[in-house]
Amino acid sequence: MDYIEFIKQTVLKFDDVFEDFKDVINEEFRLAKIIDSKTFSQQVFCEKLCDYFEMVAIKAYEEEILNVIIKNYMKQLEKLVKPGIKSSNKKQKSTRAKTYFDKANKYKSRINKEIKGKDDSEITSFLVAYTRIMICLYSSIIKNGNDEIDNFNLSVSSIDNSEVISHFKNSNSKKIKLSTWREHYSIDRAVFLLLIIIFYKIINDQVKGEFFDA
Amino acid sequence: MTKSRGSFSMPDVINVNHLDQLKQFLNNKNVIEIVERQTDQKIKTFQKVALINLADESLKQDSYQFISSLGFKNASLSVIRHVSSLEGLGLVLNGLNLGVTIAGFAIMANKLSELERSIKELEHSMQQGFLQEALYKYRNVLRKYESMLDSRKREKAFDEHDLQDLVNDLDNVLRHFLDFLKQYSQDANKQIIELIFSLLSMLTISLRYFDELYYSNHRHKAYDGDYWHLSHDSWMETYEMMTSSWFVEKLQDYCLIDNPNNWLPYGMDIYVVSLLDQVETWRHEVLDNQSLIVELDNMEDVSDIEVLNLVREEVSERVKKRIIEKLNEASLSDELHEKVLETLQWI
Chain E
1 MDYIEFIKQT VLKFDDVFED FKDVINEEFR LAKIIDSKTF SQQVFCEKLC DYFEMVAIKA
61 YEEEILNVII KNYMKQLEKL VKPGIKSSNK KQKSTRAKTY FDKANKYKSR INKEIKGKDD
121 SEITSFLVAY TRIMICLYSS IIKNGNDEID NFNLSVSSID NSEVISHFKN SNSKKIKLST
181 WREHYSIDRA VFLLLIIIFY KIINDQVKGE FFDA
Chain R
1001 MTKSRGSFSM PDVINVNHLD QLKQFLNNKN VIEIVERQTD QKIKTFQKVA LINLADESLK
1061 QDSYQFISSL GFKNASLSVI RHVSSLEGLG LVLNGLNLGV TIAGFAIMAN KLSELERSIK
1121 ELEHSMQQGF LQEALYKYRN VLRKYESMLD SRKREKAFDE HDLQDLVNDL DNVLRHFLDF
1181 LKQYSQDANK QIIELIFSLL SMLTISLRYF DELYYSNHRH KAYDGDYWHL SHDSWMETYE
1241 MMTSSWFVEK LQDYCLIDNP NNWLPYGMDI YVVSLLDQVE TWRHEVLDNQ SLIVELDNME
1301 DVSDIEVLNL VREEVSERVK KRIIEKLNEA SLSDELHEKV LETLQWI
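Keeping their order, the protein sequence lines are chains E and R.
If you count the first sequence from 1, position 204 lands on 204 in our numbering, and the numbers rise without skipping.
Each number in our numbering comes from the position in the second sequence (counting from 1) with 1000 added on.
One or more of the hints may lead you astray.
Chain E residues, not near chain R, derived (Cβ > 10 Å throughout) [as the list claims (entries may be wrong)]:
1. Leu12
2. Asn26
3. Glu63
4. Pro83
5. Ser88
6. Thr99
7. Ser155
8. Val156
9. Asp213
Here chain E is said to cover these stretches of chain R; the calculated rule only asks that three of the stretch's residues, wherever they fall, bring their Cβ under 8 Å from a Cβ of chain E [claimed, not checked]:
10. 1148 to 1158
11. 1226 to 1234
12. 1274 to 1287
Derived pair list, reagent style EDC-like, types lysine to aspartate or glutamate, alpha-carbon separation capped at 20 Å [said to hold, decoys possible]:
13. Lys103(E) with Glu1133(R)
14. Lys38(E) with Glu5(E)
15. Lys106(E) with Asp1253(R)
16. Lys86(E) with Asp1253(R)
17. Lys93(E) with Asp1169(R)
18. Lys1182(R) with Glu1212(R)
19. Lys71(E) with Asp20(E)
20. Lys208(E) with Glu1280(R)
21. Lys208(E) with Glu27(E)
22. Lys1023(R) with Glu1338(R)
23. Lys106(E) with Glu1133(R)
24. Lys1044(R) with Glu210(E)
25. Lys93(E) with Glu1314(R)
26. Lys1321(R) with Glu1338(R)
27. Lys48(E) with Glu5(E)
28. Lys208(E) with Glu1295(R)
29. Lys106(E) with Asp119(E)
30. Lys1044(R) with Asp213(E)
31. Lys103(E) with Glu1314(R)
32. Lys98(E) with Glu1133(R)
33. Lys1182(R) with Glu1146(R)
34. Lys1182(R) with Asp1288(R)
35. Lys143(E) with Glu1249(R)
36. Lys93(E) with Asp1179(R)
37. Lys208(E) with Glu1133(R)
38. Lys1182(R) with Asp150(E)
39. Lys98(E) with Glu1338(R)
40. Lys38(E) with Glu27(E)
Quick caveat, the hints were computed from the structure, so don't treat them as lab data.
In this text, a Cβ means the ideal position worked out from N, Cα and C, and glycines have one as well.
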């Protein structure tokens, strides 16, 4: 999938969440070199994000860079979440956490299939669906003190934004932390950026009712 | 004013005594608040049901424009906008308001045969047995509910104890199905969820009528603040159950895991939030009705509980007036115009 198309479908369409998103990105990534990136409009910010992906592509020498980032992203999330899923023995019914973990894997297979095929119009929707389940599982694991879970909260409103982001960042600290300019455009940092973008897309699209929110 | 029969009726003969009572309640702040709230709720309900009924592809733009013109561009309305692509939600929401008229009720009763068919497909005999029993109770309670609606239609008195039995039975069957959902969630299908929500719709309506009758019969003996039947809190707990986290999980699992259609989490959110909002709306309806009953009774010279029906008429008239006004302003096709008027009778 083309990263420009991805940014158009996500960040360019952010509503109220854009300001929070901008703050998080500014803290983690140095998108502006001279002026304060807080002054960037939404369109300009999207341009800078595209520039960032372009640099990652050049450094990795990969034309289809977003596909590579997505694959790494899913691998990384799985590594984080899998140890926290309590699997039942064969006699017992599968736990709710395991059932949804398997469901997420189905989305993962679908994404991999779409990446290989010509039509990538649905990759973003499946990426969001995959992330939603994995992030909710991850959030519940964190709240459980990193112990195994058998059930979890699938609601968007239950996710603690800063907890998830800081845990993700610290899980792979050597590679994600901004140490040198070499690491700034690494695939691992790009994976971190992808997480933040999809995360804020989920929050942006959160279904809000009269009395209840999703 | 004619007496409300729980459905839309045009006012024809004006009774002078009732007109005086009408003036009084229109001056009471608390009553006005409740009337406005109920009017808004009915219009929001109309918007939701209309969005589904008018969801024909070719008519979409005009429909949305008209429906939005009624006001309330609120969050829940934009949520329902996507509902035309989720046939499961459409059916549930349509079933939600059918309990009040006899014609609508007949549609709901048909769902019974659908459920009987799907029960035969259940694999485990224990689940079959559990569900058979629930179905038996459901058939019985439908008959009782039907006779209650019939009494109201013919303006016959319905005995307080019979009405209490109806409320108890509805609550009982509902809890039975909820228990089924809790234990055997992998077989929770569309019919059971529809049944549960239509039962809650019937319970809401029956509770309102029961509260009125009970208050009317016992208010002279009531202590300050203690007006309602002892079981009332227990009946209201059913609403709590249907917004509890385990119930939310079951609904989510139905959408993403058990559902044969490939829904994404976004569709699931719309479905779950819409249903939870509906439960909460109904809960407020019962509580608002109680406030209204007490408020009207505490007003001077308003001694007849019948004035409650006047309030209902007032709400219905306001809703109808607002919708028809906007309908005449909008340039909808004849077909759409007809559909709107048809939808109006369900509210």
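Hints, one by one, checked against the model:
1. Leu12: 19 Å, holds
2. Asn26: Consistent with the label, Asn26(E) stays out of reach of chain R, its closest Cβ about 28 Å off (over 10 Å).
3. Glu63: Holds: least Cβ distance 29 Å, greater than 10 Å.
4. Pro83: With a cut-off of 10 Å, Pro83(E) remains clear of chain R, as the shortest Cβ separation is near 23 Å.
5. Ser88: 15 Å, holds
6. Thr99: 6 Å, violated
7. Ser155: 7 Å, violated
8. Val156: It is violated; Val156(E) is separated from chain R by about 7 Å at its closest Cβ, not greater than 10 Å.
9. Asp213: 7 Å, violated
10. 1148 to 1158: violated (count 0)
11. 1226 to 1234: violated (count 0)
12. 1274 to 1287: holds (count 5)
13. Lys103(E) with Glu1133(R): 34 Å, violated
14. Lys38(E) with Glu5(E): Given pair Lys38(E), Glu5(E) is violated - Cα atoms ~24 Å apart, limit 20 Å.
15. Lys106(E) with Asp1253(R): Holds - the C-alpha atoms of Asp1253(R) and Lys106(E) are around 16 Å apart, at most 20 Å.
16. Lys86(E) with Asp1253(R): 18 Å, holds
17. Lys93(E) with Asp1169(R): It is violated: about 34 Å lies between the C-alpha atoms, which goes past 20 Å.
18. Lys1182(R) with Glu1212(R): 33 Å, violated
19. Lys71(E) with Asp20(E): 27 Å, violated
20. Lys208(E) with Glu1280(R): 14 Å, holds
21. Lys208(E) with Glu27(E): 28 Å, violated
22. Lys1023(R) with Glu1338(R): Given that 20 Å is the threshold and the Cα spacing comes to 34 Å, the pair is violated.
23. Lys106(E) with Glu1133(R): 37 Å, violated
24. Lys1044(R) with Glu210(E): Status holds; Cα separation ~10 Å.
25. Lys93(E) with Glu1314(R): 55 Å, violated
26. Lys1321(R) with Glu1338(R): 16 Å, holds
27. Lys48(E) with Glu5(E): 14 Å, holds
28. Lys208(E) with Glu1295(R): 33 Å, violated
29. Lys106(E) with Asp119(E): Holds, because 18 Å separates the two Cα atoms, which is no more than 20 Å.
30. Lys1044(R) with Asp213(E): 18 Å, holds
31. Lys103(E) with Glu1314(R): 51 Å, violated
32. Lys98(E) with Glu1133(R): Outside the cut-off at roughly 33 Å; violated.
33. Lys1182(R) with Glu1146(R): 28 Å, violated
34. Lys1182(R) with Asp1288(R): 30 Å, violated
35. Lys143(E) with Glu1249(R): Holds: Lys143(E) and Glu1249(R) sit about 18 Å apart, inside 20 Å.
36. Lys93(E) with Asp1179(R): 19 Å, holds
37. Lys208(E) with Glu1133(R): 38 Å, violated
38. Lys1182(R) with Asp150(E): 17 Å, holds
39. Lys98(E) with Glu1338(R): This hinted pair is violated, its Cα atoms lying about 50 Å apart.
40. Lys38(E) with Glu27(E): Roughly 11 Å between the alpha carbons, so the hint for Lys38(E) and Glu27(E) holds.
Hints 6, 7, 8, 9, 10, 11, 13, 14, 17, 18, 19, 21, 22, 23, 25, 28, 31, 32, 33, 34, 37 and 39 from the list above are not met by this structure, while the remaining hints are.
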